[in-house]
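So you can see what is in the structure, the chains are spelled out below.
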Amino acid sequence: MSLSESPSGTAPSRHSVLGSDDVARALRRMAHEIVERNHGSGDLVVVGVQRGGAPIATRLAAHLGEILAQPIEHVDLDVSFYRDDIGASPLRDAAPTTLSSDVSGRVVVLVDDVLFTGRTVRAALNALLTFGRPSAVHLAVLVDRGHRELPLRADYVGKNLPTSREERVVATLDGVWIERLP
Amino acid sequence: MRPIRGGHLLSLDGVSRDQVLDVLDTAESFVEVNRRTIRKVPALTGRVVASLFFEESTRTRLSFETAAKRLSADVISLAVASSSVKKGESLRDTISTVEALGLDAVVLRHRSSGAAEQVARFVPHVHVINAGDGQHQHPTQGLLDAFTVRQVLAERHGTSGPESGAELFAGLRVVIVGDIRHSRVARSDIAVYLALGATVRVVGPGTLVPAEVAQWGVEVSDDLDEALEWAQIVGLLRLQVERGGGEFVPSLGEFSTHWGLSVERLGALSPDTLVMHPGPMNRGVEIAHAVADSPQSLVTRQVANGVPVRMAVLYLTVAGGEDR
Chain H
4 MSLSESPSGT APSRHSVLGS DDVARALRRM AHEIVERNHG SGDLVVVGVQ RGGAPIATRL
64 AAHLGEILAQ PIEHVDLDVS FYRDDIGASP LRDAAPTTLS SDVSGRVVVL VDDVLFTGRT
124 VRAALNALLT FGRPSAVHLA VLVDRGHREL PLRADYVGKN LPTSREERVV ATLDGVWIER
184 LP
Chain G
-7 MRPIRGGHLL SLDGVSRDQV LDVLDTAESF VEVNRRTIRK VPALTGRVVA SLFFEESTRT
53 RLSFETAAKR LSADVISLAV ASSSVKKGES LRDTISTVEA LGLDAVVLRH RSSGAAEQVA
113 RFVPHVHVIN AGDGQHQHPT QGLLDAFTVR QVLAERHGTS GPESGAELFA GLRVVIVGDI
173 RHSRVARSDI AVYLALGATV RVVGPGTLVP AEVAQWGVEV SDDLDEALEW AQIVGLLRLQ
233 VERGGGEFVP SLGEFSTHWG LSVERLGALS PDTLVMHPGP MNRGVEIAHA VADSPQSLVT
293 RQVANGVPVR MAVLYLTVAG GEDR
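Same order as they appear, the protein sequences are chains H and G.
Everything in the first sequence is counted per the working numbering, starting at 4 for the first residue and increasing by one.
Everything in the second sequence is counted per the working numbering, starting at -7 for the first residue and increasing by one.
With the rest of the complex left out, here is chain H:
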């Protein structure tokens, strides 16, 4: 809902949870955890879920590259055509998918900004599996806000953030905010 549509005509209240420095630290920590889990090697490919996951995946891949002293492949995946709410809610504009190679045998780190119901991750897994059979898929999210509707969990979490369903969470490289409609 855009600001102008809010019933009272006032903007939603916005409450800052993490600043950009906190986000940077969280992503560096997650990169170290990923390296640790994969024993410092492995054929890693970082896949950002469009749109919110893409910039976070870019940063995470850069950190992984620094730690491992070798470039880590980073691509994006759009999941619009795999959503389970097609026809039930307004269509989202599709964003580019740059994943184009076979991911068979590789370790995929799927990256999104916010983990909420888990439905986007489900769509991303289905989309990803048409590109081959990865040896493993790990999930990294900047924020886990709870309220799962599917049996999924994240492997790497920047911040666990208890929220109510009515709230909106914005998680970017610039910081994390909770928005409440008045």
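Check the hints yourself; a few may be wrong.
[To be verified] If the Cβ cut is set under 10 Å, some of the chain G residues that face chain H in the computed set are: (1) 21; (2) 25; (3) 32; (4) 34; (5) 152.
By construction, these hints were calculated from the structure, which means they are not laboratory data.
Where a beta carbon is used, it is the ideal one built from N, C-alpha and C, also for glycine.
Guided by the hints, dock chain G onto chain H, whose structure is given.
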């Protein structure tokens, strides 16, 4: 124009720039899907698309059916030649019969202008996509022509289609040549190019340029060579002999001499000028053999782009929502 998202696609008359860009940008995503090893997405799983071609067609029907299948829709295809239409069943009864099977969308090709509009009234809750109605409109052809032009121009400018929006069409000089009178492609092309900000000039023999062209917002000329010199895009049309087009010209040979894109005329074109034809081509009539196969011809790209553009149209109409 009425919304495309969640609606019908009956005509491009009055289409807005944003509506066109919505289809073109969505089609870009489907180009990428068509490059994958598994060229299929589950977007329209469980939806049923009926492909009803009351008039012969090769590329449009194949391209729509391929598009629907790549979106995981089920496709019911009516082969008119072996159906009850041959026994005199009316369009309305045929549609009702097909609708009774449970339908989400109808792709309709018919020889009568306005047939798609009529079907949309019979079955308002079914999304109707006009795949060519008489001499009226062929909206997906117009959209795929614009898509193809944007793709080629974006490549030349080192940008991407979605990034460039409608920019590359601003003041673009488009000439549409030949049998304007009988051409639904001309009507859809003109609407889409004008919506994107291009300048369109129509050229043809007086007998094949209808008087109402003056109200379409295009320039009209009978000087082909001058128009070709001016043009950046040349859109050729099929001389529609089956719609009586042949009776409006003294002979096919004479039409070809005066209005055909010959090898000599191609030689006089700027090497940057692009040549388009919606097919099927009458080689040797409106387009010379060598011209159709020249590097400046976009004919095969037009056909290839038919699938992603039709995927976008099916996805946007059937999957719904509101125009962005």
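Checklist entry - Against which earlier hints does the structure fall short, listed by number upward? => result none
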